[in-house]
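Novice: Each protein sequence line maps, in turn, to chains W and X. Heads up: the first sequence at position 37 corresponds to 37 in the numbering used here, and the numbers run straight through without jumps. Heads up: the second sequence at position 108 corresponds to 108 in the numbering used here, and the numbers run straight through without jumps.
No lab work stands behind these hints, which were simulated from the structure alone. Accuracy of the hints is not assured; some may be wrong.
Restraint ranges, calculated between C-beta atoms of paired labels, are given here [unchecked claim]:
| no. | chain 1 | residue 1 | chain 2 | residue 2 | range |
| --- | --- | --- | --- | --- | --- |
| 1 | W | GLN56 | X | GLY60 | 32 to 40 Å |
| 2 | W | ARG72 | X | PRO8 | 42 to 50 Å |
| 3 | X | PHE61 | W | LYS3 | 17 to 25 Å |
| 4 | W | SER31 | X | GLN41 | 22 to 30 Å |
Calculated Cβ distances over 12 Å to all of chain W for the following chain X residues [to be verified]:
| no. | residue |
| --- | --- |
| 5 | SER1 |
| 6 | LYS7 |
| 7 | ILE12 |
| 8 | CYS13 |
| 9 | THR17 |
| 10 | THR20 |
| 11 | GLN22 |
| 12 | GLN24 |
| 13 | GLY40 |
| 14 | GLY52 |
| 15 | THR77 |
| 16 | ASN82 |
| 17 | LEU113 |
In this text the structure is predicted, and so the values were computed from the model without any measurement. For glycine and all other residues, C-beta sits at the position ideal for the given N, C-alpha and C.
Below are the chains, spelled out letter by letter.
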Amino acid sequence: AQKITQTQPGMFVQEKEAVTLDCTYDTSDPSYGLFWYKQPSSGEMIFLIYQGSYDQQNATEGRYSLNFQKARKSANLVISASQLGDSAMYFCAMREPDSSASKIIFGSGTRLSIRP
Amino acid sequence: SAVISQKPSRDICQRGTSLTIQCQVDSQVTMMFWYRQQPGQSLTLIATANQGSEATYESGFVIDKFPISRPNLTFSTLTVSNMSPEDSSIYLCSVVGTSNEQFFGPGTRLTVL
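Could you put together the complete structure from these sequences and hints?
Specialist: Pasting the structure below:
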């Protein structure tokens, strides 16, 4: 069974500092995809970044980067130079392909609060 | 990226009634997914909807409670039937992008009184 673990229910970070949100996963399939989403108070799920298990380099999207450590089954999200607008829930998720559908499962989330 | 719209964006319903949520995508997609997010919780997959076939439901979700339609490759509906307060959640539809990303609609925030 696949599993996603986010061990930080909440984090407070000073504006302009970098922040790392932790995510570990468990799967027996060699082919999988890892995602991070941001959910502001409005409720929408905003796609941030994707990392495939066979990708050689860590994914980056602007201020977001994914620190992919395959042997440790870790996929931490790094946000550089945090901004007040980064305050939101952040979810790590994983897709494991199967014969019927490539569905994704989510971790429990981390609530990030940026202090001015 | 796929542009996904949902209707309604929010609703307040009486228990025992049903609500149908619509999801429209700006491009043709093979699979559409419906998720539920209960208050303070993470997202849980309800079912996968393929065009031309019955939806595939996850454990704990049944067709009588959450019937799904998928009439074409850009549209799907999810009905929440015989609602109770426990059905109060955000319901989101989702599709897979061309580069394996997965995108979500803006969600439907449902409150059942």
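Novice: Hints first: check each against the structure and report whether it holds.
Specialist: Quick rundown of the hints versus the structure:
no.: 1; hint: GLN56/W with GLY60/X: 32 to 40 Å; in the structure: 38 Å, holds
no.: 2; hint: ARG72/W with PRO8/X: 42 to 50 Å; in the structure: 43 Å, holds
no.: 3; hint: PHE61/X with LYS3/W: 17 to 25 Å; in the structure: 20 Å, holds
no.: 4; hint: SER31/W with GLN41/X: 22 to 30 Å; in the structure: 28 Å, holds
no.: 5; hint: SER1; in the structure: 7 Å, violated
no.: 6; hint: LYS7; in the structure: 15 Å, holds
no.: 7; hint: ILE12; in the structure: 15 Å, holds
no.: 8; hint: CYS13; in the structure: 17 Å, holds
no.: 9; hint: THR17; in the structure: 22 Å, holds
no.: 10; hint: THR20; in the structure: 19 Å, holds
no.: 11; hint: GLN22; in the structure: 16 Å, holds
no.: 12; hint: GLN24; in the structure: 16 Å, holds
no.: 13; hint: GLY40; in the structure: 9 Å, violated
no.: 14; hint: GLY52; in the structure: 15 Å, holds
no.: 15; hint: THR77; in the structure: 18 Å, holds
no.: 16; hint: ASN82; in the structure: 24 Å, holds
no.: 17; hint: LEU113; in the structure: 19 Å, holds
In this structure, the earlier hints numbered 5 and 13 are contradicted, and the remaining ones agree with it.
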